[in-house]
Amino acid sequence: MRLGVPLSLEIAAARATARLSRAAGTGGGTTIPGKLLSKLDPGAIDRLAARLPLGTALVSATNGKTTTAAMTAEILRPRVRLAHNRSGANLISGVASTLLDSGGAELGLLEVDEGALPEVARRVRPRALCLGNLFRDQLDRYGELELVAGRWRETVAALGEGTTVIVNADDPVVGDLASAAARGVSFGLDDPAQARPALQHAADSKYCVRCGAPYEYAAAYVGHLGDYRCPSCGHARPALDVAARAIELEGLERATFDLELGDVTRRVTIALPGLYNVYTAVAAAALSRELGASADEIVAGLGRFSAAFGRAERIEVGDRRLLVLLVKNPAGANEAVRTLVGAGAPRLAVVALNDAIADGQDVSWIWDVDFEPLLEGLEQLVAAGGRAPELALRFAYAGLPREAVEVVPDLAQALDRGLELTPPGGELVVLPTYTAMLALRKIVGERGYVRPYWEAAA
Amino acid sequence: MRVTVGHLYPDYLNIYADRGNMAVLSWRAARRGHELDVRAISLGDPLVPGEHDLLYVGGGQDREQALIAPDLAARSDEIHAALDGGAALLAVCGGYQLLGRFYRDRAGADLPGAGIFPLETVAGERRMIGDMLLECELEPGERHTLAGFENHAGRTLLDEGAEPLGRVVHGFGNDGRSGHEGCRLGRAVGTYLHGPLLPRNPWFADWILAQALAHRLGEPPELEPLPDELERRAHELAAARARQRGGRD
Numbered sequence: 302m303r304l305g306v307p308l309s310l311e312i313a314a315a316r317a318t319a320r321l322s323r324a325a326g327t328g329g330g331t332t333i334p335g336k337l338l339s340k341l342d343p344g345a346i347d348r349l350a351a352r353l354p355l356g357t358a359l360v361s362a363t364n365g366k367t368t369t370a371a372m373t374a375e376i377l378r379p380r381v382r383l384a385h386n387r388s389g390a391n392l393i394s395g396v397a398s399t400l401l402d403s404g405g406a407e408l409g410l411l412e413v414d415e416g417a418l419p420e421v422a423r424r425v426r427p428r429a430l431c432l433g434n435l436f437r438d439q440l441d442r443y444g445e446l447e448l449v450a451g452r453w454r455e456t457v458a459a460l461g462e463g464t465t466v467i468v469n470a471d472d473p474v475v476g477d478l479a480s481a482a483a484r485g486v487s488f489g490l491d492d493p494a495q496a497r498p499a500l501q502h503a504a505d506s507k508y509c510v511r512c513g514a515p516y517e518y519a520a521a522y523v524g525h526l527g528d529y530r531c532p533s534c535g536h537a538r539p540a541l542d543v544a545a546r547a548i549e550l551e552g553l554e555r556a557t558f559d560l561e562l563g564d565v566t567r568r569v570t571i572a573l574p575g576l577y578n579v580y581t582a583v584a585a586a587a588l589s590r591e592l593g594a595s596a597d598e599i600v601a602g603l604g605r606f607s608a609a610f611g612r613a614e615r616i617e618v619g620d621r622r623l624l625v626l627l628v629k630n631p632a633g634a635n636e637a638v639r640t641l642v643g644a645g646a647p648r649l650a651v652v653a654l655n656d657a658i659a660d661g662q663d664v665s666w667i668w669d670v671d672f673e674p675l676l677e678g679l680e681q682l683v684a685a686g687g688r689a690p691e692l693a694l695r696f697a698y699a700g701l702p703r704e705a706v707e708v709v710p711d712l713a714q715a716l717d718r719g720l721e722l723t724p725p726g727g728e729l730v731v732l733p734t735y736t737a738m739l740a741l742r743k744i745v746g747e748r749g750y751v752r753p754y755w756e757a758a759a
Numbered sequence: 477m478r479v480t481v482g483h484l485y486p487d488y489l490n491i492y493a494d495r496g497n498m499a500v501l502s503w504r505a506a507r508r509g510h511e512l513d514v515r516a517i518s519l520g521d522p523l524v525p526g527e528h529d530l531l532y533v534g535g536g537q538d539r540e541q542a543l544i545a546p547d548l549a550a551r552s553d554e555i556h557a558a559l560d561g562g563a564a565l566l567a568v569c570g571g572y573q574l575l576g577r578f579y580r581d582r583a584g585a586d587l588p589g590a591g592i593f594p595l596e597t598v599a600g601e602r603r604m605i606g607d608m609l610l611e612c613e614l615e616p617g618e619r620h621t622l623a624g625f626e627n628h629a630g631r632t633l634l635d636e637g638a639e640p641l642g643r644v645v646h647g648f649g650n651d652g653r654s655g656h657e658g659c660r661l662g663r664a665v666g667t668y669l670h671g672p673l674l675p676r677n678p679w680f681a682d683w684i685l686a687q688a689l690a691h692r693l694g695e696p697p698e699l700e701p702l703p704d705e706l707e708r709r710a711h712e713l714a715a716a717r718a719r720q721r722g723g724r725d
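Chains S and L, in that order, are what the protein sequence lines are. Mapped onto our numbering, the consecutive letters of the first sequence carry residue numbers 302 to 759. Mapped onto our numbering, the consecutive letters of the second sequence carry residue numbers 477 to 725.
Derived by calculation from the structure, the hints in this document are not laboratory data.
Derived list of chain L stretches under chain S, where covered just means 3 residues or more per stretch with a C-beta under 8 Å from a C-beta of chain S: (1) 536-546; (2) 665-674; (3) 707-717.
A partial selection of chain L residues facing chain S, derived with a Cβ cut-off under 10 Å: (4) 488; (5) 493; (6) 494; (7) 499; (8) 502; (9) 627; (10) 721.
The structure presented is a predicted model; accordingly, all values stated were derived computationally and were not measured. Even for Gly, the Cβ is constructed at its ideal location relative to N, Cα and C.
Chain L with its partners taken away, still in its complex shape (with noise of 0.2 Å):
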């Protein structure tokens, strides 16, 4: 089957190597007879809800971050409508954080959102910079670790009874404070978690995997497991640092 992603951006927000999570989705989705197609949605280009399968978006500097705000808070209903007709939806960091409803910089000036995850995010005085580690839950009894790296400026406030992504096991997460990292939304999710997020978290790549396989199915379904022997020792590692290592206020 083909597995259509929209990826936002591209050529802005691509700080945290963000490629390297396509590369993960192509190669997974491969190996189980399904082709990725990735699909650059740049700054004017049309987002036509229901053609894409997958939503990306990653994190850029904040130059490249402040240019493309207005144009992704514009496309605020396009995206709303493509989630309520079931499409996935991946943001990491910057992407995170403009799909909430407002960047506040450390002057006060807000860059709009975009509104779909229920959370926004103030500048704070330090940047939370380091090794994290999350236990999540994304299906009722099945609890897995995300391993990865922060460097965010933000400090992001979900509303209350938002569901976060997961619960920061070490490292800052969300606001350094809450305990809490991420948001998700449905078959959407966002995270401060780079590093690339993927490579070493092949549980989560195959969850992201199947749920833009169930915009085309219905349901999620299931996939059959890889080999993943290098992907489990670079988890092991990432997540030994973020024990060694991890930030804390």
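Chain S on its own, in the form it takes in the complex (with noise of 0.2 Å):
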């Protein structure tokens, strides 16, 4: 009798400590019902997953996780209910919170940490796992990529016969772990023509994962994803099932490209910037059809799309827009700035960097970035954060003139000082990283320009 009474007890009380956290202004109560419920019983999770009729689809990645699941979420919406831990609590605390809210749902699809991946997979047997990429991030959190990549290894041998593994195929680590699965799905994209002249400088899994010699690239597209082989060994990315080819970018505003679905290829349109979305697009277009959405599902919820929570966000500030673009490591800025500078960089910018333990206690990633670029533009920074002059001395190594910089670290007081400097009607690029995002989006939210983010994410 251990699904009766004793989960739907467990289940009231954690769900009324939501409501008391929520009631106390202390947050969203988004993982503190479920760190009760993990507490009061660990196997919790593995029973409310299993109450889901179609299941539960699992979707992890360095970069592009939230809005992968949000986009699946999208196009499924339409057919099923779903439980989606969209406010982004995905550690083992969010995903059983988001399991606890989950009367009358049909399918589950939760995104989850690449650290707490093994523990949720082993919970919740995923009927689909989709796996975006590994880049370097957070080193002092998530150890070595390698050490995070074994982890995904184990978890997909570990994997049963029931479970569909859809990787990103241009990953040279990730695509390999397909091959580990009972059925692998892989996507991808291919076209050259957007592919970057080289790696950058700070690409990862340069070196073939089977034999160590460096691979070499058709076309490198975001970081070290891309069309690759190895010339020692001949480890190569495999066949692509799912493709986007003849992409165009529309600077901030949209991307087009052919989606290539096995033996139907449509044209699809989203309304977020750069390749790193296409990717993002990509993947979420595969999952949903693993999941049972046709070709014209998937391309009306890309469609439909709208930016999740602070990825190239755009929020109205009074007679002033904001465009919010979150940087967490090395790969995902390079792609931010390069979005940007497609679009022409901005002449002022606000840059927050804090180094708590979700930011990354260890800020050296800063130095990996390629900001360099932003500088065809840039005029002015505003270097916000609580270690906001290590930012201010990176982009004076870029060749920001020091007196270009200034040093606000209060973010309240760094965000009024970049609206004052734009001009009204003009758009204010902000980037920080994720606990200043979330204290940015409540200093607006307490301005009464947004929602707060448990009822507007997704």
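Please assemble the complex out of the two chains, which come individually in their own frames, going by the hints.
Rendered as structure tokens:
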């Protein structure tokens, strides 16, 4: 009788806690009930997931997991009731909270932290697992990339026959994981016209996963993602089951591409910028297809989608506008910079660097980011956050004159200073790290410009 | 004057933003009328003793370190000869470990080292991760602090009589126990401190630069001071983090 009374009592208690947390104004209550439930009964997550009649799909990646899950939700929403952790609470506690709140849901759609994936996968036994990419990220928290990759490898190997593993074939480490799965689906980009001339400075996984020789790239798209081949042992990108071709990037506004879904090809437009968002769209398409969505539903869902929380999100603030692009690791920040510069580098930016646990306490990663292209247009920088002077130094060494850098650690003051320097009707570019983004969101929320994230996200 | 830097394996060992260190050296050299010429030395490239005023080895992920370790170990004689000829050397994290005699991993297997620094490193159970603050006295009577971040599984043990880079004020250091961090051997320095090391520790960047110039001039020159206002603030914050949350066993 594990599934009866005890579980429902636990659920009731945990849900009451969420209401209390919201009522107390301490947050969205997005993880507290899950924490409580995990404490009361660590096995509860397994049983909550088992109640979902259509099973559960998991999404993990260093970059883009929130957007991939949110796009998939948009595609599937018309046909299924979802249990989706749309606020981005992606640790075991957030997963538990989402499942708790999922009364009536048919399908679980969960974004999962890279480090938490092994435990979550073991507990919920997903029918589909979508793995987007692995970049160096918060080495102080996750450890080295190879360590995370090793745990993912073990996770995939331990999945049962019933799980389809959907991988980004353009990432050599992630693409290779499908070979260990009972059933694998690969996705990627195929458009040499969009390739970068060379691998970026901070590119990871440049060396063959099988033999260690440097890969040769027919095309490198984002970081080490691309069409690779090992000249020594022949390990190469697998054939793509789902692909984007003929990509057109339109500044900060949108991206259009041919989405090839097996034998069907459709032209798709997403209201999100950059090649990295084409990757998230293709990932969402591959996952949705696996979960039963038709080509029409996929095209329509991707077309309806608007930016997730802080991911190239625009916020009206009086007669000015904020454009917020989360930056959290070199690969993601490089793409944010590339996208901004592609649309014409801004004259002014507020960049906010915090060093809490969720940001990474080690701020050395900012020196791995190629901020230099921003200097094409950048005339003034407001350096904000707990490590503002460090960030100011980074831009000074990128070549921005020191007198053009203002150090304003306090986020509210930095935002005000940025808005003051922005002409009416203009747009202020803000690049915050994760906790700086949450704090900024709170500040603009308190001023009445956005709804709280647990209501507005997705 | 042209200062030539041999940057070993920049395509493999670049995990902790080592190019930040190069940018700082270039900028500080240029402010004093010198020019930094950074040349990559990768797998199989020649390293001719005397050609470089400074050798630099950064840190990498375990996988990349294993790929270059045999190549680096095989250059022991050339690196010794370069240092004997008066060149300076800076090694950070993985580079520091691989310039010792060996790195022994958790399974007991040894990665060969170049045997430059009198030390050896053995992987421990728990990684030592966190902000770190050191006190150094590289020149008699001149005490300075170094602030940065450490992240290493290896416990580095210096030989009896070997000189550490500094005394740990906050953080783990070489092995989490000895109270010592890094190793100094004449003009060669190895350390776990990254962050990267040089931007927020300008006195040390100048010390390294002066050691590299000494390879040309015979003696390290006096370098005129720079304003360093941002550097000072970045240093203070990093030092404050080490006080608040630097690691201890």
